[in-house]
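Engineer: Based on the sequences and whatever the hints tell you, model everything.
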Amino acid sequence: MPRWADVAAVVVIALSLAAALVYMDIPYPAGLGPRQPIPFSHRVHVQVKRVSCFMCHTGAASSARAGIPPLETCLLCHARIIRTYPYIAKLRDHVARNAPVVWERVNWLPEFVYFDHSMHIQRGVDCGVCHGNVSLMDRVVTARTFEMGFCIQCHRKNNATHDCFTCHR
Amino acid sequence: MSDISRRTFLWVTGGSSIALVTDPPRKLVNKLIPKVIPPENIRPGAWTVFATTCRECPAGCGMHLSHRDGRVTKAEGNPDHPVNRGGLCPRGQSALQGLYDPDRVQQVLYRRRGEAPQRRSWEEALGAISSRLSAGGSVAVLSSLQTGALAEVMTRFAAAFGSDRVFFYEAFSYEGLRGAHQQLFNLPVIPRYDLEKSDFILSFSANFLETWVSPVSYAQQFADMHSYREGSGMNRMVYVGPRLSLTASNADTFLQVPPGLERVVAAALLKIIIDHGWQKNDLSPVRGVIGTMLAEGAEIPGISQQTLVGLAQAFTSARSPVALAGPEAATTPLATETAICAALLNYTAGSIGKTVDFTRPHALSRTAREAELADFLASLGPRDIVFVHDTNPVYSRPGAATQLGRAGAVVYLGTMTDETAQQATWVLPMDSPLESWGDYEPEPGIQGLVQPAMGRLYDTRSAGDVFLALARQAGRPLTMEKGGTAPTDFADWLKRRWTGPGGAGGGTTSGEDAWTGALRKGGSWSAAPLGATEPSPAFRPAALTFASTAAPPIRTDVAELWPWASVMLFDGRLANRGWLQEAPDPISFIVWDNWIDLHPKKAAVLDIEDGDLIQLTTLTGVVQAPVRVTPEVSEHTVAIGLGQGHTALGKNARGVGVNAFSLFGEPQEGSMFASCRISRVFGVNLKTLARTAGSQEQLGRELLRSAPLALLRAMRPGEGDPLRLPLAQGYHPDRDMYPAHEHKKHRWGMVIDLQRCIGCGACAVACYAENNIPVIGKDHVGGGREMAWLRVAPYRRAPQDLRYAWLPLHCQHCDAAPCEPVCPVYAAVHNEEGLNAQIYNRCIGTRYCSNNCPYKVRRFNWVNVEWRKPLDLQLNPEVTVRGRGVMEKCTFCVQRIRQAEYRASRERRPIRDGEIVPACAQTCPAKVFTFGDLLDPNAEVTRLTRSDPRRYHLLEELNTKPAVTFLRRVSSD
Chain A
1 MPRWADVAAV VVIALSLAAA LVYMDIPYPA GLGPRQPIPF SHRVHVQVKR VSCFMCHTGA
61 ASSARAGIPP LETCLLCHAR IIRTYPYIAK LRDHVARNAP VVWERVNWLP EFVYFDHSMH
121 IQRGVDCGVC HGNVSLMDRV VTARTFEMGF CIQCHRKNNA THDCFTCHR
Chain B
170 MSDISRRTFL WVTGGSSIAL VTDPPRKLVN KLIPKVIPPE NIRPGAWTVF ATTCRECPAG
230 CGMHLSHRDG RVTKAEGNPD HPVNRGGLCP RGQSALQGLY DPDRVQQVLY RRRGEAPQRR
290 SWEEALGAIS SRLSAGGSVA VLSSLQTGAL AEVMTRFAAA FGSDRVFFYE AFSYEGLRGA
350 HQQLFNLPVI PRYDLEKSDF ILSFSANFLE TWVSPVSYAQ QFADMHSYRE GSGMNRMVYV
410 GPRLSLTASN ADTFLQVPPG LERVVAAALL KIIIDHGWQK NDLSPVRGVI GTMLAEGAEI
470 PGISQQTLVG LAQAFTSARS PVALAGPEAA TTPLATETAI CAALLNYTAG SIGKTVDFTR
530 PHALSRTARE AELADFLASL GPRDIVFVHD TNPVYSRPGA ATQLGRAGAV VYLGTMTDET
590 AQQATWVLPM DSPLESWGDY EPEPGIQGLV QPAMGRLYDT RSAGDVFLAL ARQAGRPLTM
650 EKGGTAPTDF ADWLKRRWTG PGGAGGGTTS GEDAWTGALR KGGSWSAAPL GATEPSPAFR
710 PAALTFASTA APPIRTDVAE LWPWASVMLF DGRLANRGWL QEAPDPISFI VWDNWIDLHP
770 KKAAVLDIED GDLIQLTTLT GVVQAPVRVT PEVSEHTVAI GLGQGHTALG KNARGVGVNA
830 FSLFGEPQEG SMFASCRISR VFGVNLKTLA RTAGSQEQLG RELLRSAPLA LLRAMRPGEG
890 DPLRLPLAQG YHPDRDMYPA HEHKKHRWGM VIDLQRCIGC GACAVACYAE NNIPVIGKDH
950 VGGGREMAWL RVAPYRRAPQ DLRYAWLPLH CQHCDAAPCE PVCPVYAAVH NEEGLNAQIY
1010 NRCIGTRYCS NNCPYKVRRF NWVNVEWRKP LDLQLNPEVT VRGRGVMEKC TFCVQRIRQA
1070 EYRASRERRP IRDGEIVPAC AQTCPAKVFT FGDLLDPNAE VTRLTRSDPR RYHLLEELNT
1130 KPAVTFLRRV SSD
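Line order of the protein sequences matches chains A and B.
Heads up: the first sequence begins at 1 in my numbering, then just goes up one per residue.
Heads up: the second sequence begins at 170 in my numbering, then just goes up one per residue.
There could be a bad hint or two in this list.
Residues of chain A placed beyond 10 Å of chain B at every Cβ, according to the derived structure [unchecked claim]:
1) VAL46
2) GLY124
3) LYS157
Here are some, though not all, of the chain B residues that point toward chain A, as calculated from beta-carbon distances under 10 Å [what the hints assert, rightly or not]:
4) PHE336
5) TYR907
6) HIS910
7) GLU1002
These are calculated hints, taken from the structure and not from any lab test.
Given the structure is predicted, the values throughout are model-derived calculations rather than measurements.
Ideal Cβ placement from N, Cα and C applies to all residues, glycine included.
Structural biologist: Shown next, in the form of structure tokens:
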């Protein structure tokens, strides 16, 4: 058997193994979402650094939208922490130019659905119930498909309202 | 291959190719763009409210603008403002459509005489105009009414170039009132009328509920004064005039007289008062003139001497009567004479200083007098550079086009390409009042602040900035005081003016605090109104002469012209706004048009039938419009609405109706406006009128009910119709097919006080704004596809009565709703809080619900409506935009209910009564609507539905158990 065949066999096996790992979500147990302009890792911030969700998503407990943090919020820490890291430098450059970062949307609801974050947080619904285990996500991914069945099942389980006019109006 | 069937093969390939080509369903914009450094107190997805002043008419109401995500989506009345106290008229509501008007001027334009306009930059425009100014051009400024900083800048600007020609031009100048007060009291002003304190209003063609001086304020005061209060008598309003206007229809007595005879009625009243000795103040100086006028031709058709004596007695014996004079647009001597007679009535009844306050003249008193304006326009020549700001004389003044054409250059500063802009040399795009700084003082002591509520849509500037920049570039920078530094821009000028010594913000607090306070409040005013401490003005009647009363025309085809200002279109500046064009006229319920009103007798003589096209000819112009034959106008009168017939302005306004301004303006002997010839236009009439009410008759159905005052007085609290309440207790096994609904926490309900409703239609326009209701145009409305969720339908008060009353009608949110059981897909459902929910995403458009609705308040989307950009920016993000094939209707503003519920829940408290205010209730100047929770025993709605003696349900015989309770009108006569 020629030597190149051995190499090819090894490469094929290695690739298949890698593919299997990716397929079985072993390197990214929480999935991998769309690529963002600045590779902000929720895993690092939530699991490693133990930052609360509400630190950045300030509106979640008080308004309909959780809110995407303004760049100012990033600088609360990153004005001092790893200032020279290339992506942090890029972030600081955005702030210096007053140019917003354009993030890719991950979670979305249709226009005819009106969801209110504050009401769910207030009733003690954890963010993870809908958003999955964000603390394991490097690139945030859609954990649940937000279809009406998903909402209704949870409402039924928790004996919450079944009024159509709550979400559709 | 044999084990895969043809069907499976097609299924797999078809399905997979569809899956491949279609994107996963996502939002239109899949980006999230947070701010870098967010502004304080403005949160994405949350409302921020800016207090400002409405500049749609000279009334100067306070306005709250709801801002969200960089755009303004709703205008509401400022509840703390002393002028409108929370109400807003249809025109104020439409301010948003002015801001987002697709036909706004977006570019600086330059036009050589006779050529097409070309685009220029701001630098080129300012350079060219300023060099012309420094070369010695003679400056004149013609502007809509301004006060405060902008008026100051205009005056300084003109003065810097050696001119004092700054004229404030309003098409409705109240020439008559001002002329009269000058002759009698040497005060050429429009005083403040205190209708609230009055118990007897006598209006001579003054449509104070529609357009006259400060309509929202007067509507609110009238509703308060004219409402039913337990245990007290009813105050009265009498209207004397040729046409049944909205105000006339609200009167307790409507005396129909031909145009110009209002003053004869007033003079006859004066004579009766003198003869009987009822006067409180001496009238002997004018006794002779009145006698002469009445002696000449004292016949008032249709009004008996007995009626007049009764009226005179009622007027003089009232606690604090007031007489008002109109019409606002007339500039003839007859208008002045009417106002003189009205002022004499006020004087003799002792109202001056009580209900008529000359110490607080309205800002409208500052507009140019007719004579000044005529002289100015006639004097224009090639050396003149005329700056026309936010006013449209070419449209509203016949002859102004030629006169302005004689000027060397016309610089137009405005937001719309109207008729004046179309003949201007330079067209400079201005900020909408919603985007700019400014101030306005409707009357002394009330200073309103105008502040930008969002960023600019286009490359526009504010008028103040343009004047400052031109003066600077011409080498004569404007300063606020001699030797002072020049303010950097108009906002700086305004702020310095407010915070400086003697400024409106001056007072006990420091300037900056007062400025912030004024920004938050929307201006500066003292809580208590200034008392009329000054002595009432001296009565110094000049040598009065009255013109002789014109005899009724001899020729049958001649009639007196009566142009009237519409509550929706005012003087025509707002004609491009879809909401206002589609809002029905309160009396005729005609949309998107104007028409000619003609009395049946006159029509019979001239062989004219309803709907014919007729032509009116006066000395100044000719118009052709369809006719509406109606006894609402007096016999020798033709009435036509103002505000339509634009040749420019925009897509919505162009070609709709005819311009009635073209018919008058030249002074004419013995006429209030002009006399005109009527002729029928033969041939096919393609102009049909579109109406949204089929009939104004009640046909014995008692939809709009009233109760005599004597009966109400005799009733004890709690008496009245027993209502089948939309609650569990309203269930009765013999009557009801379905079991009672269970309401978890709330059962929303509404009470509508018909005695307060004046029919202005502000609620309907507010509903359009709040609920993203599409404007679908004349053809569709004419075809019965109107979309208004709320209509304020006129119904004749009694079969023989000319007057109408209005029934605001939207979804009744019935407990046993006929729409619900017929929906095959459960799109029409009863929700936990008693609302009749319409779930758009379930709806498949069978329209069964609408067929089964006895109130006919459901609207079907027959077409996919496209919002012309940027009108889509106005859409309320809290309300779904409905597509074609979907049924829609009033939701009681469920988005506001939810917001209040969520807010209360976050603050861990129950919802307060009155916390939820639907859009219709918010804007209503007359405070007709009360909204609340029928399950709350202490709520105002509960009290009214259970104990007000006037309560009734509409079509209660159908056992729908509606959640809307109406309170009967009160008939005192």
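Engineer: Please list, smallest to largest, the hint numbers that this structure does not respect.
Structural biologist: Numbers 4, 5 and 6, in rising order.
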